[in-house]
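Q: In case you want the letters, here they are:
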Amino acid sequence: MYNVHSVSGADASAVHGGAGVDPNLPPHRQEEAKQLLSRCLNLGISALRSSLPAIDVVELVVRELESDPLFNSGRGSALTEKGTAEMEASIMDGPRRRCGAVSGLTTVKNPVSLARLVMDNSPHSYLAFSGAEDFARQQGVELVDNGYFITEENLGMLKLAKEANTIFDYRIPAAGLETCSVGAGAVESGLQMNGLPISIYAPETVGCVVVDSQGRCAAATSTGGLMNKKSGRIGDSPLIGAGTYACDICAVSCTGEGEAIIRGTLARDVAAVMEYKGLGLQEGVDYVIKERLDEGLAGMIAVSRNGEVGYGFNTTGMFRGCATEDGFMEVGIWE
Amino acid sequence: MGWAIALHGGAGNIPLSLPPERREPREEALRHCLKIGVAALKAKRPPLDVVELVVRELENNPHFNAGRGSVLTTKGTVEMEACIMDGNKKCGAVSGLSTVVNAISLARLVMEKTPHIYLAFDGAEAFAREQGVETVDAGHFITQENVERLKQVIEANRVQIDYTQPMQKDVLEETPTNGDSQIGTVGCVAVDSHGNLATATSTGGFVNKMVGRIGDTPIIGAGTYANSLCAVSATGKGEAIIRATIARDVAALMEYKGLSLKEAAAYVIEECVPRGNAGLVAVSATGEVTMQFNTTGMFRACATEDGYTEIGIWPSPMQN
Chain E
1 MYNVHSVSGA DASAVHGGAG VDPNLPPHRQ EEAKQLLSRC LNLGISALRS
51 SLPAIDVVEL VVRELESDPL FNSGRGSALT EKGTAEMEAS IMDGPRRRCG
101 AVSGLTTVKN PVSLARLVMD NSPHSYLAFS GAEDFARQQG VELVDNGYFI
151 TEENLGMLKL AKEANTIFDY RIPAAGLETC SVGAGAVESG LQMNGLPISI
201 YAPETVGCVV VDSQGRCAAA TSTGGLMNKK SGRIGDSPLI GAGTYACDIC
251 AVSCTGEGEA IIRGTLARDV AAVMEYKGLG LQEGVDYVIK ERLDEGLAGM
301 IAVSRNGEVG YGFNTTGMFR GCATEDGFME VGIWE
Chain V
1 MGWAIALHGG AGNIPLSLPP ERREPREEAL RHCLKIGVAA LKAKRPPLDV
51 VELVVRELEN NPHFNAGRGS VLTTKGTVEM EACIMDGNKK CGAVSGLSTV
101 VNAISLARLV MEKTPHIYLA FDGAEAFARE QGVETVDAGH FITQENVERL
151 KQVIEANRVQ IDYTQPMQKD VLEETPTNGD SQIGTVGCVA VDSHGNLATA
201 TSTGGFVNKM VGRIGDTPII GAGTYANSLC AVSATGKGEA IIRATIARDV
251 AALMEYKGLS LKEAAAYVIE ECVPRGNAGL VAVSATGEVT MQFNTTGMFR
301 ACATEDGYTE IGIWPSPMQN
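Protein chains in written order, with full-length UniProt numbering: chain E, 1 to 335; chain V, 1 to 320.
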């Protein structure tokens, strides 16, 4: 059911725009999403053709996703309970497992690029809030008003989320809600993630994983986080081993219920089962989705150093795309 | 099978020439914390309570790099972080605290009172006030020793750090000052006779760190991790511990390769992080305990129900 496509020694890439999709999402919105995913995949492919290393490719693809208001990262980020955008991201370079992460950004136009600078230009791996913003200024990255990231649509979603939270206990686990009432309105589909009805939930992140023709793997993930989150809440996206991981053998980017991904150390575990149990890439992804999520809902994309690409999710849908060097390319939402 | 507990006060370049006035208060603290941890386990307190109370004690002690006695940021301020996790993988973490007396207790409240795992900076401070935990003036945490330490490190690093140049992270060596580097964290792991596990880690971070720098301690799987097999708390160079996902890997090796607790910990410490970078304490669901490090020393103590006790700083004859 989940595709694996592999050509040894060749490059491959995958992108995602979040796991957990409203089954009632209007067709034109689905089309928009698929077009964005295709555009990003093609961007990645051109970059690979010009011999850019994996680490550069993941950064530029995620920048593209951040700049587009469609998904929940950069412009178009989900909003905090105060109606502001507070963004986080991480990036990891498989060779030598170098990494960089940022949280609590409010003016940095491309969080993934600041994460990269943390990795390359600072003695640390993770900077957050005002310290991260200071570093951004010091590094001369592009800064904008917080308003740049906020869309009308998300302001509307925030309102609905606040209303929904007065009805739903936010801490009720989202398990067991596989059925949805056919033909009902969006809010009544019955599906929930992180305690919110799926139509309001907003898939949480964007991400990209790449292996270049020299077998170097890299991963990057970026998000605005959870709709209506408390300011200061950090999710899985900036946490190495949870939302993002890359090493010699693979690169992984996850999306979904942040707390479940953290607890399951999802991204690291794919690499760990490959390394310690000898599983292949797709086997590893399937194993982790099945065994490491307990009642949590999430999805992931992954590439291996052998040019394989794989993905998996236990949610209703995941916006994703993947491509391999032999010309294979696929963009999808549902199973 | 019985209960077991281990705790640490930081791994690092602790020189053998550490003068008695610096060594003895820490040894005494380790002894004291071990005693209260053991008493709590004997009184059948759940491991989650035990690790929290031991780490609170270590946070309150100004001789360790957590709570009072935290090392200072490059601006001379204190930014504390902590993380707690139990064998059911419930967890809580906080970063960027400047007024909360016991960061570990706030981490526990994040775990128990919110749907989130991790709160940081202003949001975490606001949560602390909402919860009515004890807060004090930021000056409370700052010790003269750490003011001195910061001054000396800034002097020594003045030439080394240019943040606009590509930075080799392993080049940034901890510079021993007064022959006592005080890097690392405090932590405690415990298991009861039913196999319930818990871990807690707390720290002020890295001396002269950039404001806003987050280390390994609050990152689940890096400095702190527990599941049904074991509980781990790590200490050392945060950046190295993060990339090696140390705490998670100990458990993963046990689960996926069938290694014992000691074998898994040894593998991670010897093979997964460069020498001089890390140490950890860990207990398993079956009551085993291990304390391993590849640094010069690690302030540590452990005890098991069958009467074994160890308190140490440098490698002991029994290690490995």
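Everything labelled a hint here was simulated from the structure, so no lab data went into it.
Quick caveat, the model's predicted, so the values are computed rather than measured.
One or more hints might be untrue.
Some chain V residues judged to face chain E by a derived CB distance under 8 angstroms, without partners named [stated by the list, open to error]: (1) Asp122; (2) Ile154; (3) Ala156; (4) Ile220; (5) Gly221; (6) Ala222; (7) Ala252; (8) Lys257.
Beta carbons: idealized from backbone N, C-alpha and C, even for Gly.
Q: Please go over all the hints and tell whether each is borne out by the structure.
A: To see whether the hints hold, each was checked on the structure:
1. Asp122: Given a least distance of 6 angstroms, the restraint on Asp122 (chain V) holds.
2. Ile154: Given a least distance of 13 angstroms, the restraint on Ile154 (chain V) is violated.
3. Ala156: violated, 14 angstroms
4. Ile220: holds, 5 angstroms
5. Gly221: Since the shortest Cβ distance to chain E is 4 angstroms, the answer is holds.
6. Ala222: holds, 6 angstroms
7. Ala252: holds, 4 angstroms
8. Lys257: Holds, about 5 angstroms.
Against the hints set out earlier in the document, violations occur for numbers 2 and 3.
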